[in-house]
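A.B. asks: Spelled out, the chains give:
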Amino acid sequence: MEIVAKISKGSKMDQVYLPKKRNGFYTGSYVILKPLEAEKPEEKPYFYNITSIEPIKLRLVLEIMQIIEKELQSYENIIITGSFLEPGFHFNDIDVLVISNNGMHESSLKKSLEEKTRVKIHLIMLSQAVLMQGLSTDPLYQMMMSKAIAKKRMIYHTQRKPDYKLLDLHLLKSRPLIANFDALNGEEKYGLTRNMLAISLFLQNKKVSKASIDNEIKQVFHIKDVMEIKQNTLNKKKFLGQYKRVYSSIFNHVMDGVNHGSKQK
Amino acid sequence: MAQNRNKLIELFIGNLSNAVLHSMLEKAISNNELAGRYRQELITSLSIAKKYREKINPLHEPLPSKDKEYIKDKVIKKVKAGLAVRKAKGCKQPSQQAVGHYP
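Line by line, the protein sequences are chains A and V. Here the first sequence is numbered in this note's numbering, starting from 1 and rising by one per residue. Here the second sequence is numbered in this note's numbering, starting from 266 and rising by one per residue.
To be clear, the hints were calculated from the coordinates, so they are not data collected in a lab. Note that this is a predicted model, so its numbers are computed, not measured. We put the beta carbon where it would ideally sit given N, CA and C, even for glycine. Do not take every clue at face value.
No more than 30 Å apart at the CA atoms, straight line, and that leaves these computed lysine-lysine pairs for BS3-like [to be verified]: (1) K189/A / K354/V; (2) K292/V / K352/V; (3) K320/V / K354/V; (4) K210/A / K342/V; (5) K244/A / K345/V; (6) K339/V / K244/A; (7) K237/A / K315/V; (8) K331/V / K272/V; (9) K152/A / K116/A; (10) K237/A / K343/V; (11) K34/A / K70/A; (12) K34/A / K111/A; (13) K342/V / K236/A; (14) K315/V / K244/A; (15) K320/V / K189/A; (16) K6/A / K111/A; (17) K20/A / K9/A; (18) K230/A / K244/A; (19) K147/A / K230/A; (20) K272/V / K244/A; (21) K237/A / K320/V; (22) K354/V / K331/V; (23) K345/V / K189/A; (24) K44/A / K57/A; (25) K230/A / K315/V; (26) K152/A / K189/A; (27) K161/A / K147/A; (28) K244/A / K354/V; (29) K189/A / K331/V; (30) K237/A / K147/A; (31) K238/A / K272/V; (32) K337/V / K244/A; (33) K354/V / K230/A.
To give a feel for the contact side, a few chain V residues facing chain A, derived at Cβ under 7 Å [stated by the list, open to error]: (34) G279; (35) S288; (36) L290; (37) I294; (38) S310; (39) S312; (40) P327.
Could you put together the complete structure from these sequences and hints?
C.D. replies: Below you can see the structure in the form of structure tokens.
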């Protein structure tokens, strides 16, 4: 015997109600609950610069993609990125990018994702045009897309066109390290340093990815591993002196760019 | 390490002015959608300023008027200086008249 029923919401537990008058399904007997929809064949996502990922994370990625697919009528792509894709479980949230040109209900989708996965989601919904503009003008977008898992194949050819006012704004975010070295923890220091050097690589027309930025940090600050920053075991005087010099040099470069840009207009 | 109150107020001012300057520069960006996307993650100045405020006495009451006036004046000066540097380099920034006109 089969019964089709709906799961209803309860105060402490959700439940499935069965009619009192029924054949079989006796009280106390064990039953199997299964979703009614036929299971679709599993689609494999596309991996970009990911050599390995923990199976539990991959299951979560597939679940997120399934939820978005059900909630949204149409979309261009779903991209998972950020610290979640780094080895281990030291992430704060999962960065989820939904590329769509249609009207979007960002807050309800975020709520639904968080309710179903029980993980904090940083949802960013963008149109294809904004993504393309971001990739050509903003190092953060390039870094974000350098390591990702995507629902559909990503092919983005963009020419780098620095927006110096935007870079000025991004660079300002790295300034607090100069006056607040002692107040910041290792992860915060690393984040601010990474932001600054991402801008530097972008201006030099070099590849902007987590690996290339980490490499640049090691070279610029003469350290063996970026863990020295993350674990807060730096030589303050040496690091801060170099940080100020690098910040000032990038700031001047950005200001020259703004000046040049405003003269051209 | 215990920090004295004046030092904490100066650090508080530095971070607050950075956050104000950031929000003013954001107004000068033509594509605001792009500029604001990662804002919530990367603005550390405001959260550091809050951390310092939590260490400045009185902790659970508003600061005395004298301190408030001092902080306000210094934040305005610092933001104006930040905008002036950019103006000197040829940037067209939001009007400096806007500085200090926050509720």
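A.B. asks: For each hint given before, does the structure comply? Return the numbers of the non-compliant ones in rising order.
C.D. replies: Structure breaks hints 3, 4, 22, 26, 29, 30, 33, 35, 39, 40.
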